[in-house]
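Just so you know, the protein sequences line up as chains A and B, in that order. For the first sequence, the tail end lands on 111 under our numbering, and the numbers increase by one without skipping. For the second sequence, the tail end lands on 1233 under our numbering, and the numbers increase by one without skipping.
A few of these clues could be false.
As the list claims (entries may be wrong) - Calculated Cβ distances over 10 Å to all of chain B for the following chain A residues: (1) P3; (2) W24; (3) W109.
As the list claims (entries may be wrong) - Here are the computed distance ranges between Cβ atoms for each label pair: (4) A:F13 - B:I1191: 39 to 47 Å; (5) A:V21 - B:R1182: 36 to 44 Å; (6) B:G1098 - A:P3: 18 to 26 Å; (7) A:Y108 - B:T1219: 37 to 45 Å; (8) A:L35 - B:L1043: 37 to 45 Å; (9) A:F13 - B:L1106: 16 to 24 Å; (10) B:V1195 - A:P3: 30 to 38 Å; (11) A:L68 - B:L1142: 18 to 26 Å; (12) A:T88 - B:P1159: 24 to 32 Å; (13) A:T88 - B:L1072: 44 to 52 Å; (14) A:R72 - B:L1076: 25 to 33 Å; (15) A:F70 - B:A1038: 32 to 40 Å; (16) A:V21 - B:S1006: 13 to 21 Å.
In short, the hints are calculated from the structure, not lab data. These numbers were taken from a predicted model, which means no experiment stands behind them. The beta-carbon is built from N, C-alpha and C at its ideal position, and this holds for glycine as well.
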Amino acid sequence: MMPFGSEYALMIFGMGMVTFVPRWLPLIFLSRRQLPQWLVDWLDFIPVAILSALLAPLLLTSGAGPHLDFGRAELFAALPTFGVAYLTRSLGGTVLAGMLVFWLIRLYWPV
Amino acid sequence: MQRPFSPSALRRGLAAAWPICLGYVPIGMALGVLGQKAGLHPLAIGFMSLIVFAGSSQFIAVSMLSSGMPALTIVLTTLVVNLRHLLMSSALAIPFRGQPRGLLTLFAYGVTDESFAVNYPKLLEGNWQIDHALVVNHAANLTWIVSTIAGGYGGQYIPEGAFGIDYALIAMFICLLIFQLRGRVYVLTAIAAGVLAVGLSLLLPGNWHIIVASMLAATMGTILKRQYRRSAE
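With the rest of the complex left out, here is chain B (with noise of 0.2 Å):
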């Protein structure tokens, strides 16, 4: 591995981070108006950010504080939110074989939605290393923490959906979708889990529809895989 976190490294990392870093902003602020609301001083959300850094999980903790519940509750919930993480981790753990553990525990803690949706293609195509994930995941963590608190000491004096800003994560997911679509199979797995996920999240409580739609069309994916390879052959 080249040297860790060399100037290159910082300036691929953060050209790859700055969706993310916006789409960040006004998420976070929300956040830390609600929480101000709900009565945590600005520094109290940041603290959350930093040791938790879960977007919709702080979401959710933030109104079950507000509405009196346990913290028994909160941090059972907050795991239920936050296990579609190891399903991202597994996959991570293929590209980054090998890996000293000290590296990876430090990646570990920046493992989101929308790092992982953005290391995961890097690394597929090579010539992306993990100090460059980790610059991915460290950038956008940054913005999560600044922002939470930003929206706490002053958040509510800055209009709702200005420029349509609150697209941004959005944006950045339609976009990550198609470069994943590497083939039919591809395509199918995720129609199959779009379709999964909507039917699941009517029926289910918490965020299990994403975790129950992505297990099943990815066994879906892995067997059409098969069988188109066995009739192939």
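Extracted from the complex, chain A is given alone in its bound form (with noise of 0.2 Å):
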């Protein structure tokens, strides 16, 4: 027996769709064109942008109407955790910091 409908299928093909697009569309087109300094600048902030856009609302807000939170667990990990990320400059040993940093405070410090 088929692990799920027809119907299911479709509406995930439907979902890929939409999902690939977005991601193929610029690769495919921007690749092959020069792009003016302007956009070419843009796009170049468009990473801290995105980093920093997807980062605080996770430290700074709480709920699923999100409201404004200054004492999420989340948060006081982060603040040691951007001084190892400073210092070390190394990705793997970031995220174990962080994680060592986040499991203890919610250990011993319920916020």
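Both chains are sitting in their own frames, so use the hints and assemble them into the complex.
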């Protein structure tokens, strides 16, 4: 027996399509053109902007309707994690240090 | 380009990818558990991970499925949640200028927040080819698919939050953000994006705050860079 029906499969293919196209179109078309300098500059700021825009709400907001929250364990653990990242410049080391700090904070200091 | 997928490309790719994989295990398993609770077979979840491969929209899809939303609504929500990949793939198009379309298509499938953040700075440094980037994307993808299926079969037996593993991706974003602070304008752009994203997340539905905040902050960064350049001349 199939583990799922054709309606589910159709929905998944739809989801796959709308996920793939935004990932694919710019790579195919922009990599074939000489882009103007302002666009190259703008795109060069996109990574730092996206990372910060992804990260800040994870540290500073909570709840489904989200609200500001300055007391999250995620935020307290972020301070030493930033320090380790800055000093060691090691991705793996930072991940392990961050996990350790977060684990300890939640064990001993339930915020 | 050197021979694609040489042992050295595989080794270097995996060395860069393991923090992503570590972070994906608990999240993938959590998705598997939720999917199973929503009545999905573990292989149905794995099928979704294979075809869609977009963590946050998969969580949203599972919760929408369990509240009986129509498929079309779920597909449209997925589109909106993943529009931010337009920005990432546009940024990646610059270091990947002139690469063959086939490889770019294979690569596009695996563009995520995490693989983008790992690959982009390495591509800027040079000494990082598309085959290294492909290894990163597909190692992450494989880990994600396996984790979601494993979660569907037995995730509920694993204690939540063990060893702080659910902080792995946040810690990774923190480190990658530090790597991206390549000068004063980048720091200012990051601060603007963070403040805007938090403010907008309180106002806008879905993931719009990420897209809008990133675009505004990048625009600010571009203008600032021009002004610094002009005042230096």
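_Beta-carbon spacing of A:L68 to B:L1142 - inside the hinted bounds 18 to 26 Å or not_ = Once the Cβ atoms are compared, 38 Å apart, the range 18 to 26 Å for B:L1142 and A:L68 is violated.
_Is 39 to 47 Å respected by the C-beta to C-beta distance linking A:F13 and B:I1191?_
With Cβ atoms ~41 Å apart, the hint holds.
*Between A:V21 and B:R1182, does the beta-carbon spacing fit 36 to 44 Å?*
31 Å, violated
*B:G1098 paired with A:P3, Cβ distance criterion 18 to 26 Å*: 43 Å, violated
*Could you see if the CB distance from A:L35 to B:L1043 stays within 37 to 45 Å?*
Because 43 Å falls inside the window, the suggested range holds.
*Would A:W24 pass as off the interface with chain B, using Cβ distances and a cut of 10 Å?*
The assertion about A:W24 is violated, with a minimum of 4 Å to chain B.
*Is 13 to 21 Å a correct range for the gap between the Cβ atoms of A:V21 and B:S1006?*
Violated, since A:V21 and B:S1006 (Cβ atoms, about 31 Å apart) do not stay within the stated range.
*Hint says 24 to 32 Å; check whether the CB-CB distance for A:T88 and B:P1159 agrees.*
29 Å, holds
*When you take the CB atoms of B:V1195 and A:P3, is the distance between them in 30 to 38 Å?*
45 Å, violated
*Does the Cβ pair A:Y108, B:T1219 satisfy 37 to 45 Å?*
43 Å, holds
*When you take the CB atoms of A:F13 and B:L1106, is the distance between them in 16 to 24 Å?*
19 Å, holds
*Hey, is A:W109 genuinely clear of chain B, shortest beta carbon separation above 10 Å?*
Fine: 13 Å to the nearest Cβ keeps A:W109 off the interface.
Hint compliance for this structure: hints 1, 2, 5, 6, 10, 11, 16 are broken, all remaining hints hold.
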